[in-house]
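Number of protein chains: 6
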Amino acid sequence: MRLLLINPNTTASMTEKAAIVARAVASADTEIIAATSQMGPASIEGYYDGAIAVPGMLRELKERRVAGYDAAIICCFDDTGLEAARTFCDVPVVGLCESAVVTAGFLAQRFSVVTTLERSRILIDNLIQRYGMGGRVKVRASDIPVLELEDPSSGAIAKLRAEIERALAEDGAEAIVLGCAGMTDLARELRSIYEVPVVDGVAAAVKQAEALVSLGLSTSKRSSYASPLPKPLAGVI
Amino acid sequence: MRLLLINPNTTASMTEKAAIVARAVASADTEIIAATSQMGPASIEGYYDGAIAVPGMLRELKERRVAGYDAAIICCFDDTGLEAARTFCDVPVVGLCESAVVTAGFLAQRFSVVTTLERSRILIDNLIQRYGMGGRVKVRASDIPVLELEDPSSGAIAKLRAEIERALAEDGAEAIVLGCAGMTDLARELRSIYEVPVVDGVAAAVKQAEALVSLGLSTSKRSSYASPLPKPLAGVI
Amino acid sequence: MRLLLINPNTTASMTEKAAIVARAVASADTEIIAATSQMGPASIEGYYDGAIAVPGMLRELKERRVAGYDAAIICCFDDTGLEAARTFCDVPVVGLCESAVVTAGFLAQRFSVVTTLERSRILIDNLIQRYGMGGRVKVRASDIPVLELEDPSSGAIAKLRAEIERALAEDGAEAIVLGCAGMTDLARELRSIYEVPVVDGVAAAVKQAEALVSLGLSTSKRSSYASPLPKPLAGVI
Amino acid sequence: MRLLLINPNTTASMTEKAAIVARAVASADTEIIAATSQMGPASIEGYYDGAIAVPGMLRELKERRVAGYDAAIICCFDDTGLEAARTFCDVPVVGLCESAVVTAGFLAQRFSVVTTLERSRILIDNLIQRYGMGGRVKVRASDIPVLELEDPSSGAIAKLRAEIERALAEDGAEAIVLGCAGMTDLARELRSIYEVPVVDGVAAAVKQAEALVSLGLSTSKRSSYASPLPKPLAGVI
Amino acid sequence: MRLLLINPNTTASMTEKAAIVARAVASADTEIIAATSQMGPASIEGYYDGAIAVPGMLRELKERRVAGYDAAIICCFDDTGLEAARTFCDVPVVGLCESAVVTAGFLAQRFSVVTTLERSRILIDNLIQRYGMGGRVKVRASDIPVLELEDPSSGAIAKLRAEIERALAEDGAEAIVLGCAGMTDLARELRSIYEVPVVDGVAAAVKQAEALVSLGLSTSKRSSYASPLPKPLAGVI
Amino acid sequence: MRLLLINPNTTASMTEKAAIVARAVASADTEIIAATSQMGPASIEGYYDGAIAVPGMLRELKERRVAGYDAAIICCFDDTGLEAARTFCDVPVVGLCESAVVTAGFLAQRFSVVTTLERSRILIDNLIQRYGMGGRVKVRASDIPVLELEDPSSGAIAKLRAEIERALAEDGAEAIVLGCAGMTDLARELRSIYEVPVVDGVAAAVKQAEALVSLGLSTSKRSSYASPLPKPLAGVI
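Chains L, B, R, Z, H and S, in that order, give the protein sequences.
So for the first sequence, the working numbering puts the first residue at 1; every next one is plus one.
So for the second sequence, the working numbering puts the first residue at 238; every next one is plus one.
So for the third sequence, the working numbering puts the first residue at 475; every next one is plus one.
So for the fourth sequence, the working numbering puts the first residue at 712; every next one is plus one.
So for the fifth sequence, the working numbering puts the first residue at 949; every next one is plus one.
So for the sixth sequence, the working numbering puts the first residue at 1186; every next one is plus one.
These aren't lab readings, by the way, just hints derived from the structure by calculation.
Glycine included, each C-beta is placed from N, C-alpha and C at the ideal position.
Where hints are given, some of them may not hold.
[Claimed, not checked] Partner residues are not named here, just some residues of chain L that face chain S (Cβ under 7 Å, in silico):
| # | residue |
| --- | --- |
| 1 | I20 |
| 2 | V102 |
| 3 | F106 |
| 4 | L107 |
| 5 | M133 |
| 6 | A175 |
| 7 | A203 |
| 8 | A211 |
Isolated chain L (complex conformation) (with noise of 0.2 Å):
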């Protein structure tokens, strides 16, 4: 099974970092493959960073697809451009905020999530409200831009997790999220912390690709997601 794991901004290190931890929570017989985009802007923060990454990731899907892959996997926690990849691939595609909330459904009844900057916490907020967890989950945000965390003396870890015990403590939360693809590295030692699930979005996943590709699922293409018509297209893009 070939799972190409995409990052719809163009900061290669984040790639990087996040295929290690795909990697290492694939199956044995999964092999990842990691595409950085080649066009948009280098984190993703806010609206205006997350449209104009679309078409960027939309290309490197289409691109891809001549060396193939079973699934895709968009590699931002705000599920960059989900339902157009949905609608332009014919295999299955899924997004970091969409399966990290679903795994952590499973363990626990109230959870929340922490993201790095206020401008993207409503952003996240109304896609879990999307995705029906509106009711069970509350959205942090702990004012780490997305880069620092590339940067081990940023102090962003810190912040970090300043944020996830004012969570525990004030929100009831009995697991965590993390809502940043650049966290991904950080998820295993934090459970280790706090004792208390806390969920990646990039292994959650992995796994989510994973389990649609072994049951032999894949998108409808009907209604919502039908691939798109033939039409004229005016510029590059």
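Given chain L, put chains B, R, Z, H and S in place with the hints provided.
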């Protein structure tokens, strides 16, 4: 007051039709600047078309800044890229769906949206749930490809009327919202036929944009719609 | 265009203050006809005041028909008798709360309403849930009796500002809605102090009423708002 | 225990019919004091009728204080002025719709309300959503003017039965709630015909009022239902 | 009228305490038959205790049929096995949580439930969401093991009062619901201390059961609560 | 990895059928341990059957601890006793309904569940609302007693297919979920007939259980699912 009416698809005839309606309802001192995206699909039918239309629309929003505009209207009923545009712009930005359902909400307790293709139906239903109107609205598809609305001989109007009649008979609809920018020129006639409010998103959006400008209000830059952070951008978007 | 601004309480100074704001935001060709109910309580604070204010408001709506008006604005943030008025009138009727939250919804994803007394807080919260905005809005009371807003020496403004500051600090509010018609003259100043959108219901309602009239739309008479059936009425109402 | 059964419309024959049912289900030590509003419409069909009925009902609640009552029942399925009455009274006040849906909720997971005219359907649906039962209940109109229920030759019962049969066949209704005070005398017979619980609001409200009085509980005067503040009242209400 | 008050835990002292309250509020012609499950845990604290308590409770419901009862009350605030009991019985069955929140709903717009341990908090919150009251209620745990409520020297009452005070101060609670059958004897005193309605589930359930029996209504056997189908049963239950 | 597939009903042929499907989709290094409850009903049709099945299932979960298992799957679409099992176990526990709707949610925006008897329909609908999928899913009953699925000559498959066809025609379903463990062997064939995703809970649950174990995650023991407190147990359970 200068309102930018930006069509996120690349079909200029749709822009022109919408501009005629927009100018007809605009206040005497409002100038409608009609713009057609130069990059993207000829019509927006489903998630993929919507996603790839956004960069072209954002480019237009940027380039038109030189001449200036006081608010922008995204001229597609899917509210394509609305949140990205709000983040990007300092002036108010309104969508057709949001404007139309808000307007209908002042006139009726329950109403139906009649859109084009089945693939757009749930997309619009999800939007309306986000706007808080889910419990009051039913969305219907009339099996009309968007560009058939540009062709009077296509039979599109008969299909649309049949679907409106089903909405009135089966949904208990107290009003009808036309769920595609391409239907904008039909509202007045349908209103006189069916004797219920028939709301067109283009006209509704013009009035909402004018309202926000008159009130001296613009998009909050606190949290969700904070201006994009400066960051490296790879490739051409 | 003639808009009837009907104050459902019987305090003429509140009507006058609202009329000044209404005229300031109205279009050049809009005439604001300010009317004060002649029957009912001096202010509307809670359910009882609201209920006994309605007949006086409806009488005014009836008597002003001779001179004519194109739409009516119910000038109380509780949207007192709004549905009865829609049923009674052939022209559009808008409320302050409905208009204000709709307007704020174009500008912010999450926002707070700051009203007067605690007894009005849940009443307004229930209204906002009916309008579908429950998940996006927090309502706060600032412990100000309505008529204190008429008295500059009352300390009301300091209380209001303190509550707005709590909304910004604690709720993550991206915008503020002023939850009483008596606060209408404060919006502009508060906007410049807090640098977020501050929405006043009076001004918002004027623009919504103008929008509906311009669009040639009026309340649906199908089902919920069908005109009252003729029937015997006992007593004087 | 003395329960005031107050009919907010001015048709005494409806009051009498309801009083018979109320006395039949009341406990041995409960006295039913039946009162008809002296001011307002002959029947309540839609928002306008409801609004103008409230002052007459409140006056009756006030005047009957001399003789005293331990709780009040508002004898209309629209729960006309219920919140105003709760604010006004120191004793518990219950509505027919609220009592009936709560009662049905102990007996069935999903049920249907069958009311009179289409114009009351959404009004009742909104009430039921406020009471939290929206997901469990479907409201249907049977096209019966309220006062036809007073006339055995009107064909009203046949229409009502036809609508109940549709509810059982199409909605999966496990129980039926009669959605008008004027249907109160029909519950027992319909129950034996259809072999499902048929809940009448008058009877249900008597038991809820008795329950609250027996429990020594009354309306909270904290926040929402705080007693009206003393203030100038213009005109006669 | 004979009401079976069945305690699904096996602590007879709790049954006795509840029976005293039940008899105090019951109508003169109501006989309270108090029964303690003979099989299961000594207290119900969380999902596991609840699940293993059900068969013992159902056995009691079955064995008591010989002597007969007109309705049953499940005497635990978790509404343990309520739906199974409704399916099993031909007479009405009511739960404490359902009865208490319904009762409080007639008295207050927003209220708080104060229960025992944190492990029961979300369980009750989920129940209340099912009953449609989620938007009106906050559930709080007071860190009291259930059986400490049987011991006056345990400090339980001080903890309970502290939590009620937090509910009043922080939640805007207009009424309090006691979230454990073991608190049943405290309602009257707490009501006089805090001057808000304090609702106890045992007393509330007695009145709801009496109401249903008086109304001649029983559980619908259509669909959800249809009587169990005859089928092989392995083992002893 | 060892997964315990525990059938909470006592029909061993259903366990065997499910085990075949489970083994077919399990990863190469996953061992499926199939277990049939020794105590309880032969099939689970409605609330009563479900409640009395739980102790037998919990006993099996306990006794199988000696040999050990890494996660448990409750093999009934009603997610019988799922929360009690999560509280009881230290390893992850997943249900069929939860797993299936989560899986379908990655593939379709709107889908339908087709279950057996009408008495299970609302039970499953309520589950799905708890899982947050209520707005996306319609549940249908096909009038098939569970054990008829064990008998190829019963006509059950024809009924099931007819109901699936109604779901596709009337609900706009983009995917189908099979709402009974006894349908597990039919998914693949139905998928090829109808060309939409057909999700079977048994297979879906195997992959979710594998995912959780691979990720090193288990049920949170904070709050809702905290391990049962030690306490006296009366009788044999």
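Going through the hints against the structure:
1. Annotation: interface hint on L:I20 violated; nearest CB of chain S at approximately 15 Å, more than 7 Å.
2. At a threshold of 7 Å, the smallest CB-CB gap from L:V102 to chain S is about 5 Å, leaving the interface hint in force.
3. With a least beta-carbon distance of about 6 Å to chain S, the hint placing L:F106 at the interface is held under the 7 Å criterion.
4. Annotation: interface hint on L:L107 holds; nearest CB of chain S at approximately 5 Å, less than 7 Å.
5. With a least beta-carbon distance of about 5 Å to chain S, the hint placing L:M133 at the interface is held under the 7 Å criterion.
6. Satisfaction of the interface hint for L:A175 is found here, the shortest Cβ-Cβ separation to chain S being roughly 5 Å, below the 7 Å cut-off.
7. For L:A203, the interface hint holds, the least distance from its beta-carbon to any beta-carbon of chain S being 5 Å, beneath 7 Å.
8. Annotation: interface hint on L:A211 holds; nearest CB of chain S at approximately 3 Å, less than 7 Å.
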